[in-house]
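Asker: Spelled out, the chains give:
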Amino acid sequence: MLSRVADSLYWMNRYLERAENYARFMDVNYNLSLEMHPDISEQWKPLVVTTGDWELYEEIHGAADKKKIIFFLGFDLNNVNSILNGINNARENARAVRPEITREVWERVNGLYYKMKEGVEKKVWTRKDPRKFFMEVRESCQMIAGIYDTTISRTEGWHFGKLGQFIERADKTSRVLDVKYHMLLPSANSVGTPIDLVQWSALLKSVSAYDMYRKKYGKINPPSICEFLIFDKNFPRSIMNCIEQAHQSLETISGPEEGPLNLANKQLGLLKAHLEYTDVTEVLASGLHEFLDEIQLNLNKVSVAIFETFFSSQNILKRHTTS
Amino acid sequence: MNKISFEGYESKNHFDEMFDADMKTRPHYELFQKRIEKMDWKKLNFLQHATDRAQLSLGMTFNVYSDNQGMERILHLDIIPRIISGSDWDKLEQGLSQRITALNMFIADIYGDQKVLKDKIIPSELITSSACYLKECVGLKPPENVWCHITGSDMIRGDDDEFYVLEDNLRCPSGVSYMLENREILKRTFPELFEKLKVRPVYNYAHYLRDMMESLTPKSPASIAVLTPGIYNSAYFEHSYLAQQMGAELVEGKDLVVKNDYVYMITTSGLKKLDVIYRRVDDDFIDPLIFNKNSMLGTPGLFEAYRKGNVVLVNAPGTGVADDKAVYAYIPKIIKYYLGEEAILKNVKTYICDERDHLKYVIENIHKLVVKQTDASGGYGMLIGPKSTKGEQAEFIKKIKANPRNYIGQPTINLSRVPTLTDDTIEGRHVDLRPYILYGKEMKIVPGALTRVALKKGSLVVNSSQGGGSKDTWVLDS
Chain X
1 MLSRVADSLY WMNRYLERAE NYARFMDVNY NLSLEMHPDI SEQWKPLVVT
51 TGDWELYEEI HGAADKKKII FFLGFDLNNV NSILNGINNA RENARAVRPE
101 ITREVWERVN GLYYKMKEGV EKKVWTRKDP RKFFMEVRES CQMIAGIYDT
151 TISRTEGWHF GKLGQFIERA DKTSRVLDVK YHMLLPSANS VGTPIDLVQW
201 SALLKSVSAY DMYRKKYGKI NPPSICEFLI FDKNFPRSIM NCIEQAHQSL
251 ETISGPEEGP LNLANKQLGL LKAHLEYTDV TEVLASGLHE FLDEIQLNLN
301 KVSVAIFETF FSSQNILKRH TTS
Chain P
1001 MNKISFEGYE SKNHFDEMFD ADMKTRPHYE LFQKRIEKMD WKKLNFLQHA
1051 TDRAQLSLGM TFNVYSDNQG MERILHLDII PRIISGSDWD KLEQGLSQRI
1101 TALNMFIADI YGDQKVLKDK IIPSELITSS ACYLKECVGL KPPENVWCHI
1151 TGSDMIRGDD DEFYVLEDNL RCPSGVSYML ENREILKRTF PELFEKLKVR
1201 PVYNYAHYLR DMMESLTPKS PASIAVLTPG IYNSAYFEHS YLAQQMGAEL
1251 VEGKDLVVKN DYVYMITTSG LKKLDVIYRR VDDDFIDPLI FNKNSMLGTP
1301 GLFEAYRKGN VVLVNAPGTG VADDKAVYAY IPKIIKYYLG EEAILKNVKT
1351 YICDERDHLK YVIENIHKLV VKQTDASGGY GMLIGPKSTK GEQAEFIKKI
1401 KANPRNYIGQ PTINLSRVPT LTDDTIEGRH VDLRPYILYG KEMKIVPGAL
1451 TRVALKKGSL VVNSSQGGGS KDTWVLDS
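Protein sequence lines, in the order shown, are assigned to chains X and P. For the first sequence, position 211 (counting from the first letter as 1) is numbered 211 according to my numbering, and the numbering increases by one without interruption. Count along the second sequence starting at 1, add 1000, and that's the number in my numbering.
For reference, chain X alone in the conformation it holds in the complex (with noise of 0.2 Å):
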């Protein structure tokens, strides 16, 4: 397949998942900052915090701010990451690739980018409650990836779709996880009270975790919350679940190599390691935010390989003779 449509194809899949995973963040803070008692501030803080654009954020709006932030997140078209910014070119993407996509995924997404368009015009950040916005937002994406899956032939291209997606969620739960577990954890004075409970179960609804968690787990245990976000094999937003179905298509799109891995599927593969050969405990021991630092650096080296072994056409002519 095109390498240029390879690469729109993995992009407008991240960009959907990275949408899909904003528009639950606001709607769970939004719940959060219902049940929290008026004295407790900054709900809004961190989830600006978690999606890496703080110092952006500070710097076009200055102070964390309710409305603001709902508006940086949502409607920004200053925040690269703001899920207009990504609806906009998920859709830019998907027009790219027009005839490797069926109509039905198309003008879904182009529905999606309308649906955006008629939230900056009414506003809804200045809403009082805009949960119903990003809901509708969260589930269109999630509608997209369904029929995305439903109407797609397992080609080359559904995986590369399937790529980007994944990788962009293992990177989204690792976020999660690394803000909100340092941020509640030295809390040990409210640990077991009610507020404390809502914070912990807050973290794992902002991943879709929350009943899956509860099936396993049933109690509320902040190490059993990370063993769950990383390294289960089963829950489909779990770092390893994600690592897992990036490199199984990963895979699939190599093909059987002869001699040396690609560099996509050498980063890939080492990360996967990595995670297999840890533990929920060796982790919290030797530090939590390390360990999911160095999952996100991976991550983006995993991405940058994937775009010097497929995407990049000065690479391809440099490799390749005629076929």
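Hint data in this document are derived by calculation from the structure and do not stem from the laboratory. Ideal placement from N, C-alpha and C gives every residue a C-beta, glycine not left out.
Mimicking SDA-like on lysine to any residue, the simulated pairs with C-alpha atoms at most 25 Å apart in a straight line are:
#, chain 1, residue 1, chain 2, residue 2
1, X, 117, X, 56
2, P, 1273, X, 312
3, X, 272, X, 178
4, P, 1038, P, 1185
5, P, 1456, P, 1413
6, P, 1273, X, 315
7, X, 117, P, 1054
8, P, 1254, P, 1273
9, X, 115, P, 1048
10, P, 1187, X, 103
11, P, 1333, P, 1160
12, P, 1336, P, 1160
13, X, 117, P, 1050
14, X, 272, P, 1268
With the Cβ distance kept under 7 Å, some of the chain P side facing chain X (calculated, not the full set):
#, residue
15, 1057
16, 1240
17, 1243
18, 1244
19, 1266
20, 1267
21, 1268
Could you slot chain P onto chain X? The hints should help.
Answerer: Using the frame of chain X, we list chain P on its own:
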């Protein structure tokens, strides 16, 4: 709620496609009228809105500005169809087939033996001075000696009930995706009418297009692609649509590389050879080594690969020479010369400003004429005499005198009208007709066309860039 009625509709002074001058409904519109008169206004407006929404949802949009934050617009689709009787169509089809056959022979001759010039049917200077004449193509012979694989002739029907060819559009005619998608949308709008009226289907177009492309190469299966300038091009929707319908790759210039005079796509698993390219990039931009040096849209070396016969380009470079508005005047003679037949389709009388007595006539009668730049299209570079000011006329005369080769004059023809939905009524609006002709090993004309409509009251300019919209075109069985 008020039922739809055509009372008060004005069908005098212009040829109307639905009614004669005495408001008697033409037979091929009778069933349609019966159906629509059963509807009320609310329903009709609802159907029109649903159409707008369907177009947005399909992404049938074009960028008004060439950046991603720019406005996107749809080409307004008016739900009242333009209906053509089977007998009218059959004559059109015959005429187009004759015309394209002759034009193709003409192009092949111009880049070959130039008999038509030696026999003084057309002045040589007229050809060599044409901006669309490519000396690089002299001596080339594309497969089957076919040059104009895809043509989208602009036709109009005048007050005299005759069809005229206005322009031949032999380069990269656009709009066929609208012919196809308009039909899909209207099938949802008036499902029962399609059955009753026996509208001839157009859905085969993409198959024919692919067959035509494959007929130009011995390779089987052939590797084919549509070359687009990219997503910000105003016709991008069409490029992606056609690629998808044909199951072809959609490529940009930067996706291609030429090695040893073969054209390859850059793919995730290396380089893959292309056999036939339907290029929607103009001649000037396909190869920076040969033509426009600054072109970012093409691929260096593409022309050499084409010259060596290693890749087929659709349409062949150089077809624009037969599309020059001054050459247009000679087409009836061209048909006679190559086929020994009288032209079935009429030409509009054309005054070539490069000829002294014609120039004089044009300047003296500019207020009555349409003046066009010979190498322009899209409704640009033209003056409609009866709708222009004295100042505009004076300015055009100055331009014509400075470069007479660049201008022609034609009598203003009243385009026929079709009932069209306006805000709260139905009024006649002027339309043209653009059928699409495919030419590979054999010629194929799908029974349908894009009907463009000038939405502004009284306007004769149907171009989408100038306030035009479109209609679905129904060709009936009989």
